[in-house]
Amino acid sequence: MGAIRLEKVKKTFGTLDVIPGVDLDINDGEFVVFVGPSGCGKSTLLRLIAGLEDVTDGKILINGTDVANEAPAKRGLSMVFQSYALYPHMTVYNNIAFGLKMAGESKEVIEEKVQSAAKILNLTDYLERRPSALSGGQRQRVAIGRAIVRNPAAFLFDEPLSNLDAALRVNMRLEITGLHQELKTTMIYVTHDQVEAMTMADKIVVLQAGRVEQVGKPMDLYNSPANKFVAGFIGSPKMNFLGGELAQKHSCHEIGIRPEHVAVSTENGEIPATVKIAEHLGAETYLHVEADGYGPMTVRATGEVPLGEHDKIFLTPEQDRIHRFDAHGLALGNS
Amino acid sequence: MSTRASTLTGRIMSAPSIIVLFLWMAVPLGMTIYFSFLRYNLLSPGMEEWIGTLNYEFFLTDPAFFASLANTLLLVGSVLVITVVGGILLGLMLDQPIFGRGILRLLVIAPFFIMPTVNALVWKNLLMDPVSGMFAWIASLFGLPAIDWFTNAPLTSIIIMVSWQWLPFAVLILLTALQSLDRDQKEAAQMDGAGPISIFFYITLPHLSRAITVVVLIETIFLLTVFAEIFVTTGGGPGLATTNIAFLVYTQALLQFDVGGASAGGIVAVILANIVAIFLIRLIGKNLDN
Amino acid sequence: MEKKQTPLGYVSFSVFAWIVGLLIFFPIFWMVLTSFKSELEAVSIPPSFISFDWTLENYAEVQERSNYFKFAMNSVILAVGSTLVGLVFAVTCAWAMAFNPTKRTKDALLWMLSTKMMPPVGVLVPIYLMFRDWGLLDTRFGLIMVLFLMNLPIMVWMLYTYFKEIPTDILEAARMDGATLPKEIIFVLLPMAVPGIASTMLLNVILAWNEAFWTLNLTTSDAAPLTAFIASYSSPEGLFWAKLSAASTLAVAPILVIGWFSQKQLVRGLTFGAVK
Amino acid sequence: MKRVMGAALCALLAGGIAHANAETKLTIATVNNGDMIRMQKLTDDFTSKNPDISLEWVTLEENTLRQRVTTDIATKGGQYDVMTIGTYEVPIWAEKGWLAPLDNLGSDYDVDDLMPAIRSAVSNDGNLYAAPFYGESSMMMYRTDLFEEAGIEINGRLTWDQTLEIAKKLHKPDEGVYGICLRGKAGWGENMALISTMGNAYGARWFDEEWKPTFDGDAWKDALEMYTNILGNYGPPGATSNGFNENLSLFNSGKCGMWIDATVAASFVTNPKESKVADKVGFTEAPCAVTCTGANWLWAWNLGIPMGSQKVEAAQKFISWATSKAYLELVASKEGWANVPPGTRMSLYENPKYLEAAPFADETLLAIDSADPINSTLEPKPYVGVQFAAIPEFQGIGTTVGQQFSAALAGQMSVEQALSAAQSSTDRTMRKAGYY
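Protein chains in written order, with our numbering: chain Z, 928 to 1262; chain P, -17 to 272; chain R, 121 to 396; chain F, 24 to 459.
Just so you know, not all the hints are guaranteed correct.
[Unchecked claim] Straight-line Cα separation of at most 25 Å, DSS-like style, residue types lysine-lysine; simulated pairs: (1) F/Lys357 with F/Lys99; (2) Z/Lys986 with Z/Lys1130; (3) F/Lys296 with R/Lys190; (4) Z/Lys1239 with Z/Lys1165; (5) R/Lys303 with Z/Lys1034; (6) R/Lys303 with Z/Lys1040; (7) R/Lys223 with Z/Lys1028; (8) F/Lys376 with F/Lys303; (9) F/Lys357 with F/Lys334; (10) Z/Lys935 with Z/Lys986; (11) R/Lys223 with Z/Lys937; (12) F/Lys357 with F/Lys64; (13) Z/Lys1034 with Z/Lys1001; (14) R/Lys190 with Z/Lys1001; (15) Z/Lys1144 with Z/Lys1130; (16) R/Lys190 with F/Lys191; (17) F/Lys357 with F/Lys296; (18) F/Lys72 with F/Lys303; (19) Z/Lys1239 with Z/Lys1176; (20) F/Lys64 with F/Lys334; (21) Z/Lys1130 with Z/Lys937.
[Stated by the list, open to error] Using C-beta positions, here's what the derived DEER-type ranges look like: (22) P/Leu55 with F/Gly120: 41 to 47 Å; (23) Z/Ser1151 with R/Asp227: 50 to 56 Å; (24) F/Ala301 with R/Leu128: 53 to 59 Å; (25) P/Glu169 with R/Pro127: 46 to 52 Å; (26) R/Leu128 with P/Gln172: 18 to 24 Å; (27) P/Gln172 with Z/Ala1030: 55 to 61 Å; (28) Z/Lys1165 with P/Gln172: 41 to 47 Å; (29) R/Leu142 with P/Asp174: 58 to 64 Å.
[To be verified] For the chain R half of the interface with chain P, some residues (derived, Cβ under 8 Å), not all of them: (30) Val140; (31) Pro147; (32) Trp150; (33) Val152; (34) Tyr188; (35) Ala192; (36) Thr235; (37) Pro240; (38) Leu272; (39) Ser368.
Think of the hints as simulated: they come from the structure by calculation, not from any bench. Built from N, CA and C at the ideal position, the CB exists for glycine as well.
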């Protein structure tokens, strides 16, 4: 059981407002991802929930109890650190068992729990090794194993994959998602990588400068970003923002259109443009173009398109995929 | 970056050390300050009387004070230069492949473990003695007259002994620092066409700067209060040639038993030490923070 | 600098290095050698290196005059005792400074170091009077306290720099794992800091062993360590170089051997965070 | 972990305290010279006669001993039950009431047998405050073989000018023989002991009747010029670091033509086990100049008991044992008559066995008898002591002046500079101490 609720949670360091005041509901069993550019306060928010930092003001409710003034250990949460934070002087077994020992569990219980965690994480053969003798992915699994055995109300992940190489990162992503499906425990996951957020989350919390910009399911954020920041942050490549005539036509300050929602034609279309760079990936082609009167844009075309530098093309945004923003960057309803 | 609870525990846990050190410093220091305003000779107890700043006047106008101040600075400065330069050279030497390097290293660091008193006794009697000492014999092999170390070069003799004691310390730290130097950096510099000397000055020396800072800091702390070597060999002489501040205070306290004068001297020494400390702190603050 | 050396270069450089090393070590070697000579041979010119009558007479005489083992035992107790007491204080203090620093931490550290720059003789009389009043003169306890306080700043400093290198994450992980503060320190911090702690302890044993001002002035016999032992040999009457050498050898031998055996540990912590 | 350390601490504490037990333990501070060390080795004789008393020896080098003992007695630290102190300390300390009078040394102690000069030096108002362990004056020891070779004969007491001439003749550094060995190491008990007697011989004194130092007079200038000339030009190299022990080593290894120093040296230089020149040593009185008054010093190492000691009775027993006639015989029986501590008892100099074993006995007696702490200068003086002034400030003054004179010897300053530095520093100290 792990429903977490933040009420007006505030954090200041000296005179600096790191978190000006956050309200958030996390349901039991949900996989929530905090995403945002670095320095946006997402890690701080996680550490506030963990109890590694004090809140300056506000409440943190875990299953209805305010734990804002409780020691980390009393909150019943587990955390996986970016650096893994394994105990270098202990074997894998002891690393995983440490929390149980601290909780005063009996030897038998420890043995059983460690073994079952090891099995889930494919670590059974490595239990007697030291962390220094493991690969990055194995270390990550040990860190997760350490979190699992304590049956926490929720798992907290602090950018757990950023120290892994690209291929391993995809693997671990799947493993963690699989783990969530198996354990059905609440997970709070911090990352700056929107791909991880999109692929893993039940619910994404987009943060900027300590403020929650938007909360929602991945596809909701993709389809209806609440503002220009979310629109630009979610989705890859980034959304194109166009002002000028086109915006006026849609009676707003600026419009946004995702690269995948623009039709490309060599003959005719709404916006004439010149190709600068074409990235051919086989299944799709990214065209970085200079649109006449609008500046640089990125466009995604399916499959292989025979275009190259200096080619003249025409772009046509899909009308029902156009996002409209006012002068403050807030999204306006579809026109 | 921590919680109120842990900040509080932090305060509580650092408190014992700070409090005991504070008491250890403040209580005797307070008494010393009080004594420094008294005419207080240990040999005339019960005759103490308040004499205001007379002790300070006498200490500060004592020609011995300036001589000893100069000697202190000269001693600290020379030993620092010798040990840092020697430490770098020996460090570079021991960083090369050498037959039996491990054992050689043991030989080089051995002087650091020697009691200062023993150090002084051995150098004074077995080595520097102008009649039967080793150096006199070596000089005679070359047909040279023996150097009368403690008469003709007293401060130099002290500097040699103290440097011998502290050189290994510098070698230990600088050698470790040298070994941690990234080989890539040197190779990149070689690719850029740098010779061994430019590599030393542009790569190795900057890399050593933090280690050198530490050597300077720690050695200064100990060198400011060098005492045993002087006490055993020259007794501060001839004249005032080897009297440093610590020894001058000692002569007041334990030869003249002038507690008042020694206290004033002690306070002056504390003030001087703090000036040096502030200077060092600037240096260290820059170098150790990053 | 890392150029491949020719075999000739290797040999000649080794020879050169060994000459330098032996020169540095020579005073110690000569002291030990002299301790096995007779007094007349000790002062003879030219000095004899091997071809003299090796004798243990000096050691016997030294032992007869003053019971070496009593002094040595005191040295061990004082050095180890002050180091252990110091460790308890220094670990907690360094933990707090390294992991829960406040604005004044840096100042506190440097202030601690600056307490060491005061010439001890300046406060001898106050300390002596206090020791007298508290009955601490010539007690091991009193000396342990003094040596502990003398070395505490260095210990805190060394441990602080060492602890600084330990990632905070790991301690936080332990905290998340439910470890209380003492358990966090004992089960996580200390085992990780073993090399640093070992070198801190070693350096302090060396410094305490060689401390010659307080140990001489605050002891008479019960608590007198080897520094007091050697103080009676600094210039006795008659020819004394051989006996002096024997006594000196006895006084420095234990710490030299310990230092040699543990120099690797010593080096690691001695860098005071200067080398990462 | 903390508990373990706590336990360890308690154990240490307990170890420190557990020593106190039924028998009386006397802690004895001694100087590390030959006679004292010999006494240490004879401890068994005392403890077998006094099984309820155990002895704990603290042997220290002279300067360290003096500091330790003075600090302790002045602060009433109570660390020592018996202290070895010099004739300089005894009158000062007795005056201050720091020493327990020795009134119970036993019926067979024979106080009247003590040499008058020595006895008066350790008494105050007719009471004995310390018992002399050995006494000494200064005299000249010379190499009879070298004198013969150079055709030198001694007729009557030498003057310093004559001594200088002899030193010139004997000085052959190429052959490893130096004309004269004298103390050069700075210290009131080292070079100043000798230089003070030279000063006395040249008619100088430490202080005039107003307690003003007199280093600006001609007498000191003559004395110091002689000293730097004779030792600087015809002495061994490194003379500025030579004290009694270093000179003894030099003389014993045959490197000195003459040596003017303590009479106790006589037994060492004539001991064939330690001396290469044992059978070639002659003895004569220390040289005079314008006067012979105060030309040789008087010194004794004595045993005293600090006031307030809880163990006065046992301590007196020990002192009585260590300074008795029986002790002399004990040493004689173990080590031979030549090695008994000299210079304290008249009976020793009437003992034919001693006179036979100690060819230097007559000269020693003569020297000690002729040294008078009261009348030791040509002109009147306000202080007691031949080679020192028995005032608390003297240690500091003597050492500072000693430093300046050794700087003159080293050639770092001229004789004039050294004297004026000595004058001003002594003047400062006396002014600060409130003498005027």
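Hint numbers not upheld by this structure, sorted from lowest to highest = 1, 3, 7, 9, 14, 16, 18, 25, 29, 33, 34 and 35
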